[in-house]
Amino acid sequence: MRNIFGSALLAAGLTATLTACGGSDDGASSTTSSTMSSKTASASSSSTSSKPTPTGPTPGATVDAKAWADTSDKALKAEKSYRISEVSTADSGTTTGAMVRGAGDRVDLMAEMPGEGGLRYIDGNAYIQSPELPGKWIKFDKTSTNPEVKNFLEGVRRDVDGDEDINVLAAGKVTFVGDEAEGKHYKAQAPADRFYEDEVDEDSETEQGGPVDRKADKAKLKDRTVDIDVWLDAKNRPVKVKTDSTGLSGLGLSAKTSDVVFVSTTTYSGWGESVKIEVPPAAATVSADALSGQGQA
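Start counting the sequence shown at 0; every next residue gets the next number (numbering that gives the first Met the number 0).
For the record, the hints were derived by calculation from the structure and aren't laboratory data.
Honestly, I wouldn't trust all of these hints.
Claimed, not checked - DSS-like cross-link-like pairs, simulated, lysine-lysine; straight-line CA separation at most 30 Å:
#1 Lys241 <-> Lys79
#2 Lys239 <-> Lys73
#3 Lys217 <-> Lys239
#4 Lys186 <-> Lys255
#5 Lys73 <-> Lys172
#6 Lys141 <-> Lys275
#7 Lys255 <-> Lys219
#8 Lys275 <-> Lys76
#9 Lys186 <-> Lys221
#10 Lys255 <-> Lys141
#11 Lys76 <-> Lys149
#12 Lys141 <-> Lys76
#13 Lys141 <-> Lys73
#14 Lys214 <-> Lys255
Let the hints inform the model, and build the full structure from the sequences given.
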């Protein structure tokens with residue numbers, strides 16, 4: 000499954016590119032809007048975690064993958080807020096964060112990654128805190144015409160939306176393992192080529208920084224699968240998701256190994272807890288457009 004906070008890692012490289020393209024720290028700061036206020040997205044709900052119940056299919060039985068994936072997706076999206084923690088062999092530490100659902104289809108996100116900085120996604124705009132610019136947040140404005148900014152925001156939107164992850168699960172074979180302490184345990188064997196499409200996009204690079212040959216890579220993944228274990232609670236909300244794609248190692252893929260081959264464990268908690276995701280102070284905000292030398296935010 001695509002790391003829902005993967006865009007924060009992507010931003011680290013993009014930040015380095017932007018800062019190299021132009022603009023000093025002070026110069027870029029002068030381009031930020033003086034009218035930006037600290038907007039807050041918050042949510043609270045009376046929903047609470049539920050212990051799993053021993054109902055469901057017989058252990059070892061195959062279930063309808065699409066119906067199962069859709070049910071879990073709807074249960075997750077019905078929640079106004081929740082917290083996420085993720086550990087992956089592709090990252091240097093534990094990623095923590097939270098998501099809040101607002102009016103309409105608005106979803107706000109915040110994430111912190113040790114050594115990498117932070118990500119806030121609020122009302123379609125993204126704010127990145129990176130070691131490249133200590134004390135500053137880089138704003139990726141949804142009104143920008145900068146291709147790099149637009150592509151980055153689209154990547155964040157896909158991560159937040161999560162539909163591609165659901166499509167990967169729905170395309171696989173799903174077996175009910177049984178009722179366990181953490182929840183109802185299901186094992187999905189997802190098509191490796193679909194998994195690859197979710198993890199590696201058109202902007203991904205090889206280890207040497209060149210373009211990835213996605214067509215050739217997917218051909219090598221034909222008939223292979225990736226194991227994704229999912230534990231659901233009594234409300235069919237995900238409690239834990241473990242992805243193991245180490246079976247794809249040694250295939251000579253053009254994509255970076257860490258983008259495709261990893262083990263990650265994501266846990267969900269804090270259903271309905273009050274969460275605040277705030278726009279960084281204007282004085283600490285730098286425009287990504289200004290840093291790239293292609294205009295102002």
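Now for the hints, and whether the structure bears them out:
| no. | hint | in the structure |
| --- | --- | --- |
| 1 | Lys241 <-> Lys79 | holds (23 Å) |
| 2 | Lys239 <-> Lys73 | holds (16 Å) |
| 3 | Lys217 <-> Lys239 | holds (28 Å) |
| 4 | Lys186 <-> Lys255 | holds (26 Å) |
| 5 | Lys73 <-> Lys172 | holds (20 Å) |
| 6 | Lys141 <-> Lys275 | holds (21 Å) |
| 7 | Lys255 <-> Lys219 | holds (15 Å) |
| 8 | Lys275 <-> Lys76 | holds (18 Å) |
| 9 | Lys186 <-> Lys221 | holds (20 Å) |
| 10 | Lys255 <-> Lys141 | holds (28 Å) |
| 11 | Lys76 <-> Lys149 | holds (25 Å) |
| 12 | Lys141 <-> Lys76 | holds (23 Å) |
| 13 | Lys141 <-> Lys73 | holds (27 Å) |
| 14 | Lys214 <-> Lys255 | holds (15 Å) |
Against the hints set out earlier in the document, no violation occurs for any number.
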